[in-house]
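Visitor: Following the hints, put chains S, P, A, V, W, F and L with the ligands in place on chain B, whose structure we already have.
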Amino acid sequence: MVRDSRQVKGGTSLDKKVAFDEDRCKGCELCIEACPKEIIHLAEHFNSKGFHPATVTAEDQAKCTTCLLCARMCPDTVIEIFRPDRVAR
Amino acid sequence: MVRDSRQVKGGTSLDKKVAFDEDRCKGCELCIEACPKEIIHLAEHFNSKGFHPATVTAEDQAKCTTCLLCARMCPDTVIEIFRPDRVAR
Amino acid sequence: MTDLECVFAGFGGQGVMMMGQLLTYAAGMVEGKKVSYMPSYGPEMRGGTANCTVVIAAESVGSPVVTDPDAAVVMNQPSLEKFEPTVREGGVLIVNSSLIGLKAKRNDIRVVYVPANEIAVELGNDRVANMVALGALVEATEVVKLDSIVESLKKALPPHRHNLIPLNKTALDRGAEIVRRHAKEQVKD
Amino acid sequence: MTDLECVFAGFGGQGVMMMGQLLTYAAGMVEGKKVSYMPSYGPEMRGGTANCTVVIAAESVGSPVVTDPDAAVVMNQPSLEKFEPTVREGGVLIVNSSLIGLKAKRNDIRVVYVPANEIAVELGNDRVANMVALGALVEATEVVKLDSIVESLKKALPPHRHNLIPLNKTALDRGAEIVRRHAKEQVKD
Amino acid sequence: MAEQILMKGNEAIAEAAIRAGCRFFAGYPITPQNEIPEYMAKRLFEVGGTFIQAESEVSAINMVYGAAGAGTRAMTSSSSPGISLKQEGISYMAGAELPALVVNMVRAGPGLGGIQPAQGDYFQATKGGGHGDYRLLVFVPASVQETIDLAGQAFELAERYRNPVMILGDAVLGQMMEPVVLPEPADLAKIPQKTWATTGTGGTRRPNVINSLYLDAELCEKHNYKLQEKYRQMAEREVRYEEIGLDDAEIVLTAYGTSARVAISAMKRARSEGIKVGMIRPITAWPFPYEPFRKTSERVKAFLDIEMSAGQMIEDVRLAVQDRAPIFFFNRMGGMVPTPKAVLEEIRRIDHSVKGDKLGGRLGV
Amino acid sequence: MAEQILMKGNEAIAEAAIRAGCRFFAGYPITPQNEIPEYMAKRLFEVGGTFIQAESEVSAINMVYGAAGAGTRAMTSSSSPGISLKQEGISYMAGAELPALVVNMVRAGPGLGGIQPAQGDYFQATKGGGHGDYRLLVFVPASVQETIDLAGQAFELAERYRNPVMILGDAVLGQMMEPVVLPEPADLAKIPQKTWATTGTGGTRRPNVINSLYLDAELCEKHNYKLQEKYRQMAEREVRYEEIGLDDAEIVLTAYGTSARVAISAMKRARSEGIKVGMIRPITAWPFPYEPFRKTSERVKAFLDIEMSAGQMIEDVRLAVQDRAPIFFFNRMGGMVPTPKAVLEEIRRIDHSVKGDKLGGRLGV
Amino acid sequence: MSVKVFERPKALSDVIFHYCPGCTHGVIHRLVAEAIDELGVQGKTIGVASVGCSVLAYNYFNVDFQQAAHGRAPAVATGIKRCLPDRTVFTYQGDGDLASIGTAEIVHAAMRGENITVIFVNNAIYGMTGGQMAPTTLIGQSTTTSPGGRKPERAGRPIRMSEMLSQLEGAAYIARVSTHNAAQVARAKQAIKKAFQAQADKKGFAMVEVLSTCPTNWGMTPREALKWLEENMLPVYPLGELKTEPGLPEPSAVKTTVPTREVKTE
Amino acid sequence: MSVKVFERPKALSDVIFHYCPGCTHGVIHRLVAEAIDELGVQGKTIGVASVGCSVLAYNYFNVDFQQAAHGRAPAVATGIKRCLPDRTVFTYQGDGDLASIGTAEIVHAAMRGENITVIFVNNAIYGMTGGQMAPTTLIGQSTTTSPGGRKPERAGRPIRMSEMLSQLEGAAYIARVSTHNAAQVARAKQAIKKAFQAQADKKGFAMVEVLSTCPTNWGMTPREALKWLEENMLPVYPLGELKTEPGLPEPSAVKTTVPTREVKTE
Ligand SMILES: Cc1ncc(C[n+]2csc(CCOP(=O)(O)OP(=O)(O)O)c2C)c(N)n1
Ligand SMILES: Cc1ncc(C[n+]2csc(CCOP(=O)(O)OP(=O)(O)O)c2C)c(N)n1
Ligand code: SF4
Ligand code: SF4
Ligand code: SF4
Ligand code: SF4
Ligand code: SF4
Ligand code: SF4
Ligand SMILES: [Mg+2]
Ligand SMILES: [Mg+2]
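Residue numbers (our numbering), protein chains in the order written: chain B, 68 to 156; chain S, 68 to 156; chain P, 581 to 769; chain A, 581 to 769; chain V, 5 to 369; chain W, 5 to 369; chain F, 84 to 349; chain L, 84 to 349.
No lab work stands behind these hints: they were computed from the structure.
Quick reminder that beta carbons are idealized off the backbone N, C-alpha and C, glycines included.
Do not take every clue at face value.
Taking CB as the label site, the calculated pair distances span [what the hints assert, rightly or not]:
| hint | chain 1 | residue 1 | chain 2 | residue 2 | range |
| --- | --- | --- | --- | --- | --- |
| 1 | B | E105 | L | K93 | 26 to 36 Å |
| 2 | V | R236 | P | E669 | 23 to 33 Å |
| 3 | V | R209 | F | L317 | 37 to 47 Å |
| 4 | F | G330 | P | L747 | 58 to 68 Å |
| 5 | V | A239 | P | G670 | 44 to 54 Å |
| 6 | V | L250 | W | R210 | 27 to 37 Å |
| 7 | B | K130 | L | K93 | 23 to 33 Å |
| 8 | B | K130 | L | D97 | 25 to 35 Å |
| 9 | V | R209 | F | D169 | 14 to 24 Å |
| 10 | P | G681 | B | K130 | 47 to 57 Å |
| 11 | V | R236 | P | I745 | 57 to 67 Å |
| 12 | L | G323 | F | L317 | 27 to 37 Å |
| 13 | V | R303 | P | R741 | 58 to 68 Å |
Calculated from the model, a selection of chain V residues having no Cβ within reach of chain W, i.e. all distances over 12 Å [stated by the list, open to error]:
| hint | residue |
| --- | --- |
| 14 | E61 |
| 15 | G156 |
| 16 | I287 |
| 17 | R353 |
Same shape as in the complex, but just chain B (with noise of 0.2 Å):
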């Protein structure tokens, strides 16, 4: 696997494993049922769309083992995942 090594804008890598792009989030829950931690959930608040976007708690970040499926089920690209750099290794 070649690496992408751009780094992560608005944030430290060690605290954001998923990143939610929100505005993109339709709110389906594919992601929620995709996720083998259980971490995702939609937040209470709506989007610019009127949807509730899916999120991942800043506690929860760490329970992200990175394993994609979330991003892979997401049919409008929300998702993005970062790995920290020893692990990708």
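Guide: Coordinates of chains S, P, A, V, W, F and L with the ligands only, in the frame set by chain B:
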């Protein structure tokens, strides 16, 4: 097999086993190809459509086994086959 | 004037089409006026805005497509933005203030803010917000009697749902009430 | 008159289209007249009659479809029956008497009987019967020079078949000869 | 019964067809007419008929060909691109003299275009989108009730003339709801026997053949003369139109279908401003009502043709009016519906111009 | 290279197209135009092009859509029923503004009809057989040489206007042979680059899209106005026709294609009898040459329109001539070609009638 | 006294076919007519003629007929059969008609399990229009639109419709037979009869692909054409029953209501 | 420091899809874009959008596109590919588009062995037009034109296009995959990539049938829809590679020219 008991028009049943409706014939020779007895040939004369029609000489009629092969191959239903009554039974 | 051209607009699922159909039925079937109902339809299946148009006339309905309505009911913000500018001078705009934070900009039309969802929740059923708004519209335009809407509900709902009629009637009334109050307030101004 | 409308007709396989094309080529390409050639075509693939029409004009060709030709060449009996009545008063009819037992009925046209197949067989090749008939037509109408037809043959035949040209030329001449003889006979009459 | 109900145009057309004895429907989904097949899918089996969602519009029209040839009242519906695909089949049905109803709920074109209402298929319907010389009886209703009435008559006329009938509507007509009265269902037993239908000889008659092939040009011409004579009769007998306020009219609007509804609104407003406006509304687009235009053209000051197209019916209007009066044109395209307001403005402009002011309108010719 | 050769119309059109740079042909066999695909099958691969026998006419026109969208000069041909099947695709190409050549060698209709020559597809070609408001540039050549010349220009004009061009011939034009001079093959390198074509972005530009869908009605309308403006320009610039002997003409014949050839023969005979006959021969059926008719109509005594149809072009003639002169009509149908003799008789009748005798001809209106 | 053991079937009209000499369309017509005779369904049969050399089939059968647009016979037959479910409806289609322009129609009639009988005459060419390539044309076979022979890289490889349609659940009976000799013609007859019987038994879609000659466009004598068919087409189009719904009678058990004039010959 | 291991592929435009929430059209779009990225063919790819919910695909991919008439995408793709044989041409078609109106076009593109890649999205329904029956609709499945469920006697049984097209010699690669969970999505990706690779290798016609959901017209939540697909569609539409030309690379051997952002998860 249920038999058709209609009489042959214009000929006694015994001297003609294979009859050609000459004006329908297009001289394609498929009956000739089919006849195991090799008794069919194209006549010298033309029929009304301008073809040399297929025929069997009076003598050769006797050689006909009424095997139906010629009739079955004829694309223009030119041929009728007659079988002496005792044979058909 | 009994002639009225009216637009109902909101999210799909807010019962916008139902409002239009009930008004059409009430005016046309119950009160015997000439009516036409025209839904907007588009390629999107879910999400997006939905709207419909009702035209009520004493004599005969001309164009069923309306670009400058006498009245509009807007149930969400995109609808406010889209339809406020189209209402005819002197017309009526019913705004669902439960979901719309903005205020209307026009002052040549009568704008009534109706907290439809809040009232509906108060009445115990979120889904009658549309009835609250419809009640307001009917009261503001006086195009049909409120009773005719109730009558129409009887036709629209299957018999085993007729138990919901009182609730809907209350919702209609609450909407109408807001308009009456609004009218008084305006008199005060 | 150099303008001529001519029909060639016969069984498929009698070289009827070839006659038409050679005449067209001779008139148009060799002698520089205006020409058009129009085959008849139909749904039947084999058998049946084939015919084509050639129009030759000094100036310009109008309709390429001809219903009352100045001349007709009929190579078999059905063609005689079909085209004899269509020939224009004073026109020419070339009849292939080898295959047609009947006589033409018209007496307001010039009818020339040409035993085309017999002559062709005499010349050693059944397939030049059409050239015999064409020679007759050309002689009778004088629409092109016989040499132009020979010229056209050079273009029509592939080089390795040019050995056939003398035979074809003879066939053309034999056809022309019959017409010349016929003309003399008529003078005698 | 005479009970009024509120019905969507698409469903109304379907129910009306069934009541008129339609027992076969084949179609393919396309917006904005999907309610027609959907309604048929529910209702047709209930009355012992057949609904088929065909694999394509091409197949659908040919299924209708088969069903109609077998003697059944049959119908198909679609919208613009789908109707284009049916052109070969429609030409075949006209050629083979088969009765059927074809509905086109026109949307914006050309190509995939859009799904909003338009009137860009007038030429296709009236002049012949398919090949060869044939004509359809083309109804252009302007309300749901009129759609019902015409759908009812469509089958009868189709059978009388042995010719396909088209209802040319648009997305507005298909989608809008209006109160209507449905007719009583037809008594199927009273529909005239079709002695020409292919139902099997039963061993008692010579075979019937449904066909449009005439390899012999003379026979083909004879067949064409027969068809033309039929079209002449249709043109003589089946012209329909509505005249509104022509008595004192100085400006005559003309429009059909949804445009006509808009025109009526505009006319009312104009009359209330004192402008003498009348209207001729074709109800059959073919045969076109040339005569009322011709008659009126002698005494009015101008015509205003309103279309949701680049100008198609206007050719028929011009053929009728000739040079006897100016013909103005107002249009929208691509799914846009003209507004009464805009038409009113056009009327005002024409009014000024015919009253001697500078010519302000767009001249159609 | 001005060498004359004898060529069949169908083969001439194919060779002319190839010389004009056509490198893609998709078609489906149908009489009487089979020589076109057959010629293409032989020749196109030789010049590095592609011939495909498509599974149907529908598929063929859509292959041409793809090829044209990819920037290749592309063409299809068929005859009446097959052209009907292409109507959706033609509307799509017009909507997506794709250049291509479509040839229709018209045969008798409607339906399966017959394989003999006819002119019953004039309406389809000129008014729009497909859905929506679009126009084709329609050439109606009357000789093999003219066919070659127009086929040569077709691609250039198609690309200039980004619009399909149709050559509307008939079985006579396709089957007959005449001496012709072929043009030099076009230099492919000199054909203007199509910056809009989908050839892959190469990573250097934004993606190109070939499309006719406009879900937003306002955009769809805008697109339609753009198309209409283009058609207006075409109508202004591309009208072609031939005038013969109009100087002193009292009776003006009009006809296109094969009918025009017949008319010319009749005209010659009539002139030799001293009748002053002239002719207007449209070379573009769309845009139609209204102007010469309008001009002539002021000073001639009558028009005689000759068609191999029930009367289609006559509507355009009437639109041009209006009431200014009587328009007579002579036609054959179903594969029959009018004879010069019959036309001559018609001319004689009209001559009598315009000279004050009783009206003898059939009035077209 | 003798007995007539072979004569023209009654379901065939008493006219002369327009087919070229030796064209096996004529043989196939006779077999269809024999099947109609033997099943006694002449009075309730409606045929659908396609566009191809057999376009005039409506003149050749003594039954009601509809002439269908090119490729659309299965759609037309569907319209008829759904309206008249107790009638016998069959289509007669060439390979251009069925395997090219009419691909969608035949596939979907089979998918729907439309209860009709399809006679599919595969002669590997477009006969009527003068010998263009068909989808069934063999690799290397020269036609007017595949001059020098069909090349797979330009025009693909022959389509085997029977194999393809056998994949569909609605297809009840699919067989491929041939006409290149009398024994095969007899087998073809049995298959055709079975395909009509399947319809009588309401089994669903039944099709018989009949390999046929086109001496004219193949450029051969009729006898050469039979040989060419046998040698070249059989390897590409193997004969046999490709699909039979359980419950379809064995050929011998097919009920016969009119005298059969056939004898077993093989 | 951390590494981005999953992001939006470059061949996807930066716009929001119009698809309904949870519609797996979006997933399939991403997979196609990933394949294009990984094979490094973005600059030479031309897509063909069909008519269906994916009609706007031309807005979603960062490559040249043509929008084709309903069902005709394979014909349009043929026109493009024959003129530009070194470009990568793919169609993206729904089941109404490919298996109904476009039957003839897909069959014949496969027959010709047209060197294109077809992405066939089978959601057992007509999504765009509001939920009518498709030829792929399951028996008993309720749609607006099969109210009360599809009945075989009226509308036949579901068509299996992959099985049918596999019968054609021109078809080089045919696979059926699904989107009902992440593991299947990963497999789908491999199949799609292979279908593009087949084109690069000039193998001929390649098609991947992707089972997809239509929560809106199925009347379910997106999560219910995944389950419904798994439970109901898989038995009728078994997954797997139905046809692979020898010589097609194993998925792992597919050449990769841009960084792959995928990891093996199963
Ligand atoms: C829509 C349409 N396209 C094309 C034709 C021309 N056409 C007539 S028959 C035929 C093909 C005949 O071939 P096939 O079906 O194999 O029948 P065959 O003559 O070989 O028996 C074609 C293409 C037509 N009549 N209609
Ligand atoms: C010729 C034509 N017929 C019908 C339509 C209407 N139409 C648009 S999309 C569609 C079907 C969509 O279904 P599918 O192909 O399964 O795609 P999905 O929306 O399910 O992804 C139809 C019938 C059309 N645009 N053109
Ligand atoms: S990457 Fe895996 S563990 Fe992390 S949120 Fe996504 S599905 Fe859950
Ligand atoms: S799958 Fe994507 S769109 Fe759906 S809820 Fe999760 S992040 Fe949002
Ligand atoms: S029946 Fe048999 S033996 Fe007699 S002629 Fe015919 S083929 Fe020959
Ligand atoms: S098979 Fe028939 S048509 Fe052919 S030669 Fe024999 S009898 Fe004549
Ligand atoms: S062209 Fe071929 S298929 Fe047609 S009749 Fe002649 S031999 Fe038979
Ligand atoms: S309608 Fe169905 S297929 Fe279309 S976008 Fe919505 S969920 Fe997807
Ligand atoms: Mg064939
Ligand atoms: Mg779908």
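Visitor: Does each hint hold? Answer for all of them.
Guide: Results of checking the hints against the structure:
1. E105(B) to K93(L): 26 to 36 Å: holds, 32 Å
2. R236(V) to E669(P): 23 to 33 Å: violated, 54 Å
3. R209(V) to L317(F): 37 to 47 Å: holds, 43 Å
4. G330(F) to L747(P): 58 to 68 Å: Holds: the Cβ-Cβ distance is about 59 Å, inside 58 to 68 Å.
5. A239(V) to G670(P): 44 to 54 Å: holds, 50 Å
6. L250(V) to R210(W): 27 to 37 Å: violated, 56 Å
7. K130(B) to K93(L): 23 to 33 Å: With a Cβ separation near 30 Å, K130(B) and K93(L) satisfy 23 to 33 Å, so the hint holds.
8. K130(B) to D97(L): 25 to 35 Å: holds, 30 Å
9. R209(V) to D169(F): 14 to 24 Å: holds, 18 Å
10. G681(P) to K130(B): 47 to 57 Å: violated, 37 Å
11. R236(V) to I745(P): 57 to 67 Å: Given range 57 to 67 Å: holds, Cβ gap about 60 Å.
12. G323(L) to L317(F): 27 to 37 Å: holds, 33 Å
13. R303(V) to R741(P): 58 to 68 Å: With Cβ atoms ~60 Å apart, the hint holds.
14. E61: violated, 9 Å
15. G156: holds, 26 Å
16. I287: Check passes; 21 Å lies beyond 12 Å.
17. R353: holds, 20 Å
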